[in-house]
Amino acid sequence: MIEIEEYPYTDVQLKQRLQTLTQTSIPAKDEQAAYRFVLGSIDLTTLEGSDNKAAVEALCQKAVGFRNEKRNIPSTAAVCVYPPFVAQAKAQLAGTGVRVASVAGAFPAGQSPLEIKLAEIRYALEQGADEIDMVISRGKFLEGNFQEVYDEIRAIRELCKNATLKVILETGELKTPKNIYKASQLAIHAGADFIKTSTGKIAVNATPEAFVVMMDAIRRHHEKTGRKVGIKAAGGISDAETALLYLHLLTQVLGKEWLSNTYFRIGASRLATKVWDEIQ
Numbered sequence: 000m001i002e003i004e005e006y007p008y009t010d011v012q013l014k015q016r017l018q019t020l021t022q023t024s025i026p027a028k029d030e031q032a033a034y035r036f037v038l039g040s041i042d043l044t045t046l047e048g049s050d051n052k053a054a055v056e057a058l059c060q061k062a063v064g065f066r067n068e069k070r071n072i073p074s075t076a077a078v079c080v081y082p083p084f085v086a087q088a089k090a091q092l093a094g095t096g097v098r099v100a101s102v103a104g105a106f107p108a109g110q111s112p113l114e115i116k117l118a119e120i121r122y123a124l125e126q127g128a129d130e131i132d133m134v135i136s137r138g139k140f141l142e143g144n145f146q147e148v149y150d151e152i153r154a155i156r157e158l159c160k161n162a163t164l165k166v167i168l169e170t171g172e173l174k175t176p177k178n179i180y181k182a183s184q185l186a187i188h189a190g191a192d193f194i195k196t197s198t199g200k201i202a203v204n205a206t207p208e209a210f211v212v213m214m215d216a217i218r219r220h221h222e223k224t225g226r227k228v229g230i231k232a233a234g235g236i237s238d239a240e241t242a243l244l245y246l247h248l249l250t251q252v253l254g255k256e257w258l259s260n261t262y263f264r265i266g267a268s269r270l271a272t273k274v275w276d277e278i279q
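Numbering (numbering that gives the first Met the number 0), first residue to last: 0 to 279.
Among the clues, some could well be false.
With a cut-off of at most 30 Å between alpha-carbon atoms, the simulated BS3-like pairs for lysine-lysine come out as follows [to be verified]:
#, residue 1, residue 2
1, K139, K174
2, K223, K139
3, K227, K255
4, K255, K223
5, K139, K160
6, K61, K28
7, K61, K200
8, K89, K61
9, K139, K200
10, K227, K200
11, K14, K139
12, K28, K69
13, K177, K139
14, K28, K255
15, K14, K177
16, K89, K273
17, K160, K227
18, K223, K160
19, K255, K61
20, K273, K61
21, K69, K273
22, K200, K177
23, K52, K273
24, K177, K227
25, K227, K89
26, K255, K177
27, K14, K227
Think of the hints as simulated: they come from the structure by calculation, not from any bench.
Starting from the given sequences, assemble the full structure and let the hints guide the process.
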């Protein structure tokens, strides 16, 4: 079993840290550059039961439609779709630089046997997915079956040898900073390229508190090993001001080394247009 550290801050200390971190913000003179960076860090997402070929086609058109090289406005980093739409998105986005991510592995509940999860992820990879967004088994985690949670993530990591693996913790169900920190460590040690806050499918999704706790785990791992792990905030981030808050927290806790969509993403469906409007 991997060594799991306890979260070093009390709830009161975490609250105080967050208050301190949010006393400052991105300077007005830097906001335009920040908005451009955020736009280029978005995983433009459609994850509805009503998704169909037309909806995915429109999503892909939207992802590349923001780009304006003369004004240094980027496309989004990726589109994120269910596995049946990966091949369509891959073909439509060929040559654009926009990556194709897929939620796979019993998203969003994670309540399937590992063999089923692996089969779905294998299918998404065979269809051409560049990135896989998987969910941890929160029920097993909350029962204290940490080794089993780790082993599942590790098995999926082995399958995703050539793909970026984002591990969704569903922090709203983990509830406490202690649990979020522990789950972050499990995912990181199992080989996650990113740890991600939420599925966007429950009442409590990304929060600044959970984001900071996850970054604390990333920072600690980097201090110990030198390996940088990315972070993705997802669920409920629908306005430009909130996106800048998460970007500001990123720079305050992890520093400018993480200012790349290789290490920072925001999962959103409505945010991109609002950020693009701020650039106009």
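Okay, the hints, checked on the actual structure:
1. K139 x K174: Holds, at about 15 Å.
2. K223 x K139: holds, 27 Å
3. K227 x K255: holds, 12 Å
4. K255 x K223: holds, 19 Å
5. K139 x K160: The hint holds at about 25 Å.
6. K61 x K28: holds, 28 Å
7. K61 x K200: holds, 23 Å
8. K89 x K61: holds, 14 Å
9. K139 x K200: Status holds; Cα separation ~19 Å.
10. K227 x K200: holds, 28 Å
11. K14 x K139: Measuring from Cα to Cα gives roughly 28 Å; hence the hint holds.
12. K28 x K69: Roughly 20 Å separates the two Cα atoms, so the pair holds.
13. K177 x K139: holds, 16 Å
14. K28 x K255: Holds. K28 to K255 sits at ~17 Å (cutoff 30 Å).
15. K14 x K177: Holds. K14 to K177 sits at ~14 Å (cutoff 30 Å).
16. K89 x K273: The given pair, whose Cα atoms are some 25 Å apart, holds under the 30 Å limit.
17. K160 x K227: Cα-Cα ~17 Å, so holds.
18. K223 x K160: holds, 24 Å
19. K255 x K61: With a Cα-Cα distance of about 28 Å, the restraint between K255 and K61 holds, given a limit of 30 Å.
20. K273 x K61: Distance ~13 Å between K273 and K61 Cα, so the pair holds.
21. K69 x K273: OK: K69 and K273 at ~20 Å, within 30 Å.
22. K200 x K177: Holds, because 22 Å separates the two Cα atoms, which is no more than 30 Å.
23. K52 x K273: holds, 24 Å
24. K177 x K227: holds, 22 Å
25. K227 x K89: Holds, at roughly 27 Å.
26. K255 x K177: holds, 26 Å
27. K14 x K227: holds, 25 Å
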